[in-house]
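The task is simple: from the sequences and hints, build the whole structure.
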Amino acid sequence: MAHAFRVNGRAVSVEADDSTPLLYCLRDDLGLKATRFGCGAGHCGACTVMVDGRAVQSCDTPVWSVAGREVATADALESDRIGAALRRAFVDLQAVQCGFCIDGILMSARALLAVDPDPDRAAIARALERNLCRCGTHVRILAAIERAAANLRKEAA
Amino acid sequence: MSAVPLPTSITANPRLSAWLAVRADNRITVHSGKVELGQGIVTAIAQIAADELGLSPAQLDIVVGDTRVSPDEWYTAGSQSIEVGGAAMRLVCAQARGLFADAAAARLGVPRAALSLADGVFRSADGRAASYADLAAGVNLDVPVAPTADAGPRGPSLMGAALPRRDIEGKLGGPGFLHDMVLPGLLHGRVVRGPDHGARLVELDLDALRALPGVAAVVRSGSYLCVLAEREHAAVKAQSAAQKHVRWAAGPARPAFGPIAQVLKALPAASETVHESGRPGGGGVALNASYSKPYVAHASIGTCVAVAHMEGQHLTLWSHTQGPHFLRAQVALALGMAVESVTVIHRDGAGCYGHNGADDVAFDAALAAVRTGRPVMVTWSREEELAASPCGSASVIDIDAALDAEGRVAKWHARIRSHTHIKRPGWGEGINLLGAWDMDPPVPVPSPKDMPLPAGGGHRNGIALYDFAHQKVDYHFVAESPLRVSALRGLGAFANGFAIESAMDELAAASGQDPVAFRLKHLDDARARAVIEAAARRAGWPPGAAGGEGRGRGIGFARYKNRSAYCAVVAEVEVAEKVRVIRVVAAVDAGHIVSPDGLANQVEGGVIQALSWTLKEAVRWDESGTRTRSWEDYPILGFDEVPVVEVELIDRPGEPGLGSGECAAGPTAAAVANAVFHAIGVRVRDLPLIPETIARAIEEQA
Chain G
1 MAHAFRVNGR AVSVEADDST PLLYCLRDDL GLKATRFGCG AGHCGACTVM VDGRAVQSCD
61 TPVWSVAGRE VATADALESD RIGAALRRAF VDLQAVQCGF CIDGILMSAR ALLAVDPDPD
121 RAAIARALER NLCRCGTHVR ILAAIERAAA NLRKEAA
Chain W
1 MSAVPLPTSI TANPRLSAWL AVRADNRITV HSGKVELGQG IVTAIAQIAA DELGLSPAQL
61 DIVVGDTRVS PDEWYTAGSQ SIEVGGAAMR LVCAQARGLF ADAAAARLGV PRAALSLADG
121 VFRSADGRAA SYADLAAGVN LDVPVAPTAD AGPRGPSLMG AALPRRDIEG KLGGPGFLHD
181 MVLPGLLHGR VVRGPDHGAR LVELDLDALR ALPGVAAVVR SGSYLCVLAE REHAAVKAQS
241 AAQKHVRWAA GPARPAFGPI AQVLKALPAA SETVHESGRP GGGGVALNAS YSKPYVAHAS
301 IGTCVAVAHM EGQHLTLWSH TQGPHFLRAQ VALALGMAVE SVTVIHRDGA GCYGHNGADD
361 VAFDAALAAV RTGRPVMVTW SREEELAASP CGSASVIDID AALDAEGRVA KWHARIRSHT
421 HIKRPGWGEG INLLGAWDMD PPVPVPSPKD MPLPAGGGHR NGIALYDFAH QKVDYHFVAE
481 SPLRVSALRG LGAFANGFAI ESAMDELAAA SGQDPVAFRL KHLDDARARA VIEAAARRAG
541 WPPGAAGGEG RGRGIGFARY KNRSAYCAVV AEVEVAEKVR VIRVVAAVDA GHIVSPDGLA
601 NQVEGGVIQA LSWTLKEAVR WDESGTRTRS WEDYPILGFD EVPVVEVELI DRPGEPGLGS
661 GECAAGPTAA AVANAVFHAI GVRVRDLPLI PETIARAIEE QA
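Listed in order, the protein sequences are those of chains G and W.
Position 38 of the first sequence, counted from 1, bears residue number 38 in this note's numbering, the numbering being contiguous throughout.
Position 605 of the second sequence, counted from 1, bears residue number 605 in this note's numbering, the numbering being contiguous throughout.
Careful, some of the hints might be misleading.
[As the list claims (entries may be wrong)] Label pairs and their in silico Cβ distance ranges:
#1 W:D119 / G:P117: 38 to 48 Å
#2 G:A2 / W:D61: 43 to 53 Å
#3 W:S447 / G:A2: 55 to 65 Å
[As the list claims (entries may be wrong)] To be clear about the criterion: a stretch of chain G counts as covered by chain W if any three or more of its residues have a C-beta under 8 Å from a C-beta of chain W, and this derived list gives those stretches:
#4 65-78
#5 94-101
#6 137-149
Please keep in mind that the hints were generated in silico from the structure rather than gathered at the bench.
Just so we're clear, the structure is a prediction, and the values are computed from it rather than from any experiment.
No residue lacks a Cβ here, since even glycine has one placed at the ideal position from N, Cα and C.
Shown next as structure tokens:
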């Protein structure tokens, strides 16, 4: 069954069973690797993408449900100013250890900053409720998101 | 020449040409056997190499973990990468620099001492130049590695330079991990496992398995079963659907779940006194306490993965193994192949905190590749990651101690009880690969054998560094374990650090002494004193500060393995219905620091990971097997639970670099437990410090 939707601004069509998680369509059919498998149950956030601007766990999202929608993945982080600012902040602060959780966290953060340009730490932690990190990079991650938000606000001013 | 023995990496790889090569564009490629686990070590070793060779970092390329070209440097484990891998790299690069300096002096007709070096170019005072590339044809690197007393001019120092990690950019927004590898014709494999280790496959309907939607091949040997499909999701679905077409018989009964001390003390142990010094005294406060630490899972965010391709008679494995050369030998052995027919190439996986499933899944992929003739990627599920991977061994530590009339420790008898903390492929005679254990015919399995002191396994950091008038340490080694166990970051140092530092605190409290002062009273080691004082000062530790009303502060200290990095941790907690850590200050002395930010990142990470172990984690099992099989069953520290973390690094230029990746765990656990005591006057001696445990301790000590 063919499923038509948009990914990172481009129209795509994927041939897959209806119930195939969006995660596998992105990784295997579209070759977009920055959305990652961590648990398959929506608990860890490594697979986080944005669908129509909202952060969702793509491992838990059947491909039929994104028909006609706008999907954004971490592969195109640089393509908008929020994503670019986040990436720059994470690199500047070296807010990465193994890096496996980071793309999913970047997407959760991107979704947050699009609606809340000045989040406090509690709001950021809430946005990362479904994102897990095992290496213990939490402190740097929170600081990098705050730094990106501050830089964006400065640019906009 | 110094009598310091050569790093083991050198004795294993004694030709200089194995370590580096100069390229025509004046870049130098160095080869290391230490691999990237997410800890930034490849960047640090490259930094050491560039520093020693007088190159700018951009001119230095590093290739790691490829059995075709990389030296065999044992495992990337045990906080040895700077101490041994870094030392080896420094030694070979110095030797190379010396050879090239001699050649430059000859080429330019000036004494070596008159040369300067920068960006890979040797220059004479009058500005004539000769680069590594210019000189390469005339310098023979196929010579034995030998320490060089004077390697000639050095380039500008890179030690302590803030160089960004080489691997970070590639891991953001793109195919930066082994999981992302693409090969034409790749099959996706998933292993179909029994309910528990040792379960036997007694019935299977091969036709039904082959007929599962999308299944392209089924691989079976004995109780080992793997399904493969062209489409990844079909393999995932087949992994669970397959259970309807197989029947398992349970493996041997395992020891029942219960409080750790009960579980461990019910099992037979082989006992040995591993340290004895001085004679026991007393006269003051006495302590008789038992501390416990449960089984802990690796719980990496990414699951283990491997890619394998059999081309002709040669098998290539891409793996995030910590020990590429060991994996190569073990897979060859398991599959009845010559070692020369197998190549292992390291690629980055998700975070690795010890012996996880990376080697096991490499076997899974290898067997499928050999049987199908297709390139194969096998990825573990979250369940396999949590339940089939080895865990960190549980420990129980009994401490029987006494002070003299002056409040100094006069007697200290520690009895440590634990399993092996290492069961890696290549450790012992036989094969340590999970899938191979299920094959028919069966493979020889090494019997459990722990790592001996001085590094130690269950007894790592079991000998307190303090100047005690008496110290006796016994290790009760329990060979049988209810769960599959092997190395987890820190090995026994986490449990032993928790126990020793909790006991120190209990003795201090019982004798009315400040915990910081009490520790300093027993330490002559200036570097140990320095980290304790630094952490206490930064944390604002006033002597004799009264705790209570739910808010408290505690300290923990250790020198990792009693010979690697020094670490002191102060934790501030708030205890209401659960323990909330508000702030952690860590002070670390890792010798001469290569990459301050890299080190700080590892220490912060070690602290936060240890907080998660301390506050939340314990693997649970019952007669049907491991029950903690998802993130819901096995929660780890979340973003809403992290404290402020401050890391203070004490740099020691000129001192050897000390392994620090594992140094924070024991001190962190103790700092938190000690802070809980300071906050609510209740001593908790069993990890994790979950609300039920705190509540029970409050009740018992009321």
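Verification of the hints:
1. W:D119 / G:P117: 38 to 48 Å: The hint (38 to 48 Å, Cβ to Cβ) holds, given that W:D119 and G:P117 are roughly 44 Å apart.
2. G:A2 / W:D61: 43 to 53 Å: Given about 45 Å between the Cβ atoms, the range holds.
3. W:S447 / G:A2: 55 to 65 Å: 56 Å, holds
4. 65-78: holds (count 5)
5. 94-101: holds (count 7)
6. 137-149: holds (count 6)
Consistency with the previously given hints is maintained throughout, with no hint failing.
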